[in-house]
Amino acid sequence: MTTVDSRTGSTWLDLVLRFRALGLIVALVALVGVTTALNPRFLSGQSVRDLLFAAAVTLLLACGMTVVVLTRGIDLSVGSVLGLSAYVTGSALSATGMPTVFALPLGLAVGAACGTLNGAIIHFGRVPPLVATLGTLYVLRGVVYFAAGGSRINASDLPPGFLDFGSGDVLGVPYLFAVSVLVLAAVGVFLGRYRAGRDLYALGSNPEAARLAGVPAGRRLMTAYVLSGALAGLGGVLYAARFGTVDASAGYGMELDVVAAVVVGGVAIFGGSGTTLGAGLGALLLTVIDNALPVLRIDQFWQQAIVGALILAAIALDRLVSVRAARALRRKGSHV
Amino acid sequence: MKGSKPMNRRRLTLLTTPVLAAAMLAACGGTTQGEDDGGGPAGGASADPNADFETGLTYAMLPKSVNNPYFEASSAGAEAAVNALGGEFEYTGPSDASASSQVSYIDTLSQQATDVLLLSANDPNALCSSLEQARAGGTVVVTFDSDVDPACRDLFVSQVDSAEVGLALLEMAAEQIDATGEIAILSATANATNQNAWIDVMEAELESNTSYADMELVDVVYGDDEDEKSFSETQGLLQAHPDLKAIISPTTVGIAAAARYLSGSEYKGQVALTGLGTPNQMREFVQDGTVTEFALWDPTALGELAAYTGAAAASGIITGAEGEVFTAGDLGEYTVGADGVVTLGPPTRFNADNIDDFDF
Amino acid sequence: MSDDARLGEARPSERESTGKPPARALPAGPAGDAGLRLREAARALATWDFGVVAVTVGFLVVASMTVEHFGTARNAGYIILDLAPILLLALTMTLIVTTGEIDLSVASTVGLTSAAMGVMWNGGMALETIMPVAVLLGAALGAVNGLFVTGFGLPSLAVTIGTLALYRGLAYVLLGDTAVADWPRLFTGWTLGRIGDSAIPNVLVPMAVLAVICGVLLHATPVGRSIYAAGANPIAASYAGIAVGRLKFWLYVASGAMAGLVGVLWTLRYSSARADNAAGLELTVIAVVLLGGVSIFGGKGALPGVLAAVVLLVSVQNALRLAHVSTEALTVVTGSLLIVAVLAPNALGALRTALRRRRTTATGRTA
Amino acid sequence: MSALARDPDPPPPVVSLTGVAKSFGAVRALRDAKLDLHAGEAHALVGENGAGKSTLIKVLAGVHRPDAGTVELDGRPVAFADTAAAIDAGIAVIYQEPALFGDLTVAENLFIGRQPKGRFGLIDRAVMNREAAALFARLGVHVDPDRPAKGLSIADQQLVEIAKALSRRARVLVMDEPTAALSGVEVERLFGVVRSLREDGAAVLFISHRFDEVEALCQRVTVMRDGAHVSTDLLADVTVEELVRRMVGRELGAMFPKQVVEPGPVVLEVEGLTREGLCRDVSFTVRAGEIVALAGLVGAGRSEVVQAVFGIEARDAGQVRVGGRGLPSGNPRAAMRAGVALVPEDRRGQGLLLDLSIMRNATITRRNRLSRFGFLVGGAERRAARDWSARLNVKYGRLQDPAGTLSGGNQQKVVLAKWLATDPKVLVVDEPTRGIDVGTKAEVHRLLSALAADGVAVLMVSSELLEVLGMADRVLVMREGRIAGELGRAEATEEAVMRLATGQEAAA
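These protein sequences, in sequence, are chains R, U, H and G.
Quick note, this note's numbering runs 1043 ahead of the 1-based positions in the first sequence.
Quick note, this note's numbering runs 15 ahead of the 1-based positions in the second sequence.
Quick note, this note's numbering runs 11 ahead of the 1-based positions in the third sequence.
Quick note, this note's numbering runs 22 ahead of the 1-based positions in the fourth sequence.
Please note that the accuracy of each hint is not assured.
Said to hold, decoys possible - Label-pair restraints from in silico Cβ distances: (1) Ser1365(R) with Asp303(G): 54 to 60 Å; (2) Thr350(U) with Pro1083(R): 51 to 57 Å; (3) Thr195(U) with Ala1190(R): 57 to 63 Å; (4) Gly346(G) with Ala1371(R): 58 to 64 Å; (5) Ala1152(R) with Asp229(U): 33 to 39 Å; (6) Val220(H) with Leu1065(R): 52 to 58 Å; (7) Thr350(U) with Gly204(H): 55 to 61 Å.
In short, the hints are calculated from the structure, not lab data.
Each residue gets a CB set at the ideal place from its N, CA and C atoms; glycine is no exception.
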């Protein structure tokens, strides 16, 4: 009656899970390969740097989104949080002459505050995450509009050190990308190897069982939203550093790209499974597509359509894999 | 889901047949493109060039969107003019640059019976019916920066003459690359009226002017007046065209983004960049050598002129007919051109020598 | 039917001594019935959607008195024109959300049908053909959503986020950044026109007809009962013989067709077929549906509340504009209303539970 | 009620619950529960479905907060704020239904929230897997600790739950029907482990429907009925018959008023019914006027069979015929048209639209027939709902109240009402009396019996052996997805059914 050889089932499922990351890498390599074959400059140092610059912010936000989606949630407010943080940080740097080093903690704090708001509405107000963060998407953007109005922070207003951080690199890797990858790795370790991180998976996998097992759901949910907010806040700082120009529309509509990256990266939209590595690869893939289109002389208008098609393909693939896996397990595990 | 067959062919056919039949039937005598019955209202009033500016008029400025420094500057100019004229001024508009949002604002303003509406349009046609209603209610409609169908407004205050801008842009680019090599254009949106007029002028000039014979326009890309998109479009341009010598960006958002990209890349100093930009945004890049020279009109003066034009029309000094003359405060005397267009003047060129003299 | 004879035997002859309080007597006879109806009417008035209706009416009255130009027939006409696309999309969105699903792609469907209209018009097709084809195109796009959601069993949130991007992207592929604007005045004039000499816009007629159809469908037909059942508990609904998947599929088709219709109206009203038409409108539509008292989890809600919420949101925006309040406030108001709409009932429920608990513990102590 | 007698000086209880009450809306799950658990002793808690056992456990586990009464631990009153507090206090619970995290590995399911930590507070997966493997070895089962819990068989899931509870080294171990899905060998291993825990001084609370297991493991037994404590005795002092009498609270004859009916023609024919991995080659018939019971262990495939008969799930092979006419696979609407009705197993999950009104629930199956020209207007639904509620003696406040506010028994009556309203020829009932009070239970039984007498073919799935034996004309026993045997009313005894269900002599 017990599964005699569950080893095979395990490795098989493992393969499927790893397959996702593998599939993404294959897609990335293929895309880069084809593009480079058509235009060798796509792999030039400058071009790769550009790509890493472009990926840095999406990567960071995808990381936070992963944490939230794992708990069966979603955070649609990331674009607005990014805008708010970018504007607050930018104006603090330009208006108050705050030292550059304080930019990161300030952005994190602004983001974390927004995340706390989201978490509180969701946990204490029992508002579904979709609705709550849709609401804060509006509200926070409105706050940015209030604060910024028609003004714009220009590169010339920002301290040179800050802009250097935005455009500089170590060994060809931009600082911004390095920061994102470090955060990605840290969050990855947190999710994979810490009790609190595993609790998030448990919450998304089976909320009722998590309650029975004594997982502190409220605290963990707050953690997830605060983390997502904080990373979006950090994203705002990176955004300001990279573009040098911040106006009230910074990060507008970004949530779509981030959700797309996460879904394409194999994080199950209904919680419980997925990794930051996958989400990061998803973000990278979308950025590469974005950058390859003009190089391939494909009409830029295709970009959004491709993102949409990728989301659909990714969730359909997930579904297919899980149906197959379930059927295989049932056949194997059945005692009939 | 088991048990549900979504595509019930029979029902789908049932559903579609009558609709299609109606469509086919209608197609026989249908309305197709080109047989429009259009025709806007035509002005019939006569002007009194000696009349005074009326005081106590209400002015509303409706920009493409309110979160744009360029329009903030225009609004400052307009407000100053309105104060000088003894009127009331309001700056209002949507936060997103869409035509449908502007329609709601125009409706609101026409209800409030605003005397003069200063508008930069997000779409040349979508606003027309609302503008007609506003004009029917006695509002004078003056467009600035971006025009609508001439039939739908009284006057258009153009920043510059299209030909002049196009020629100036091409001239600056040619000077910087010795009139040889590939050039590309980074524009705003593909249906922006002013952008396309300038691009047309440049294309025509490249064809006809022999001094530009060695220059080739290889690409036109659109950054949608979004910073990030313009940034990555610049990036794409340089990758797609390794031999590119110059980029012309006739939009303030585009040129700033392109300059920022160039200044941080290996192309800095290799690829020339010129176009239309504000001195405050470009100062840094002129100083670090990314950009040699660029041009722009003064948006504050544009707003000011728009306000005076509106005041003149509302006071009956002008009607929008070609050849009418009015005085726009300190800006001096202006003449109404064909199609009711008033032109601000030639663009100002900014370079390392004069850039510090401007603050906008 | 022989039900009575058969079940007569099943009726227990003895009262069970289960220690439970005796059941309340069943209301019988016309007198009890009338009293019950009255009490029910009172209760119905205390529901969320009647609250929204009341707030809306209150707001309209107050705004008419305090905001200049608000209470005019002309302004009412503008409000109706502005709310038309939101209201139409909200009708089918209400049906979909009541089944516990969501359709975030509606605004993109509007954009794509609008762009397709532009392409067809440029291609020389007759507008009389283009309009029904656009509605059919919308239905087909809705069917794609339906197929992914019901056929493949994918979460509708993810599917329609995908098609939100896909449809908008395809709209750009079709028309790019250009606009097609030379629509015949005969048609554009109608979408803006008024009925006779009144201030009532023509579009009110199809709006009213469709609202009545959706309202009757949801509240007074077997299909409506199935919609509520599917939203309240899809499993129990399918155990009751409701083809939940098929039902949802057709609702997505309806939602797409409605978006196609809105695409036609939008294009003609603004005389402009553009890829970015109605961008972002899905958020407003979802906001009014939730504000109208429809539960995001399905199974709860009523159309009158949604209609009131549409009127409320659009007239608040209109009044703020007339009162020279900045645009930023609109964004904040929309977002806050959305959160409060869901938060308030939850908070009230929690409060009620807390009070009840205190009461029972109190009685427990005294007992 | 019977008091504790002749108990030689019991040590003070580790856990003591007195006067505990708990209501969910109109449902009074516990009225006056009482329970004392002693160290080093296994205590059986018996009672019919719906007697309040599971709720009592959840109070003990910190899932529910009691409305009244006290919970004492080592003589001190405690109020668990949540499950974590109860776990910290040393209470471990094996729930009736396994609640695992499908996406996490088996080992993580065991150690969630207390995974062994290595350097920098990182989880040490190697140690965790090793400890998990050791636990499984102790239970004598083979489950790979590193595989995801998704896809485990019910028995394996239950074993993981058991291992989870054991790994907590709890002072109080609560087991809510842990053996419902286990084979004899596995049960024996489990008991071995529990005995050694007991000898180490743990207090064990054991809930089971199987008296042989109770006798094999426990020293003391508490009987509950309708949410209240009935009696507590040393097991040695009471007979099984006496316990059953106390559980039921009345004579068995009154509880199961089976009328003898001469069966009519065959109405329902099932032939070779197969669902991949769930049931295989199931064939049987039900005649008009007959009550046929499907018995077997949890997970034996009984519900899966009736779901396929009704068409909620498609079948992979086989035929279902009603009145000689074949039913298409996976089409409940066709089954309804042919006169089949299914009262499902999970009343709240499958049977009711809890948030919708009683009226809507009672009439949802007849929404088309009640409409005029496609419209549901006037009071047709109200009249029908009121009619049927009265016939089945449903106790409700207003027809507009959500069905979720009714008590379990009345909820079940609403489900029955909505199906009886369709005038079925074949009535399939899956666990018809789960979680309802004794009085309503008798009513339901009477109703089923009356329906059969009126010529309806009744197919009943039940885990309650007394119910199966009391109500069925024939008993089909399922094991591992197949029909293991058929017993006539005369030959159907508890032993015979269990023998077929487990495929061996019951664990002694």
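Which of the listed hints are broken here? 1, 3, 4, 5, 7
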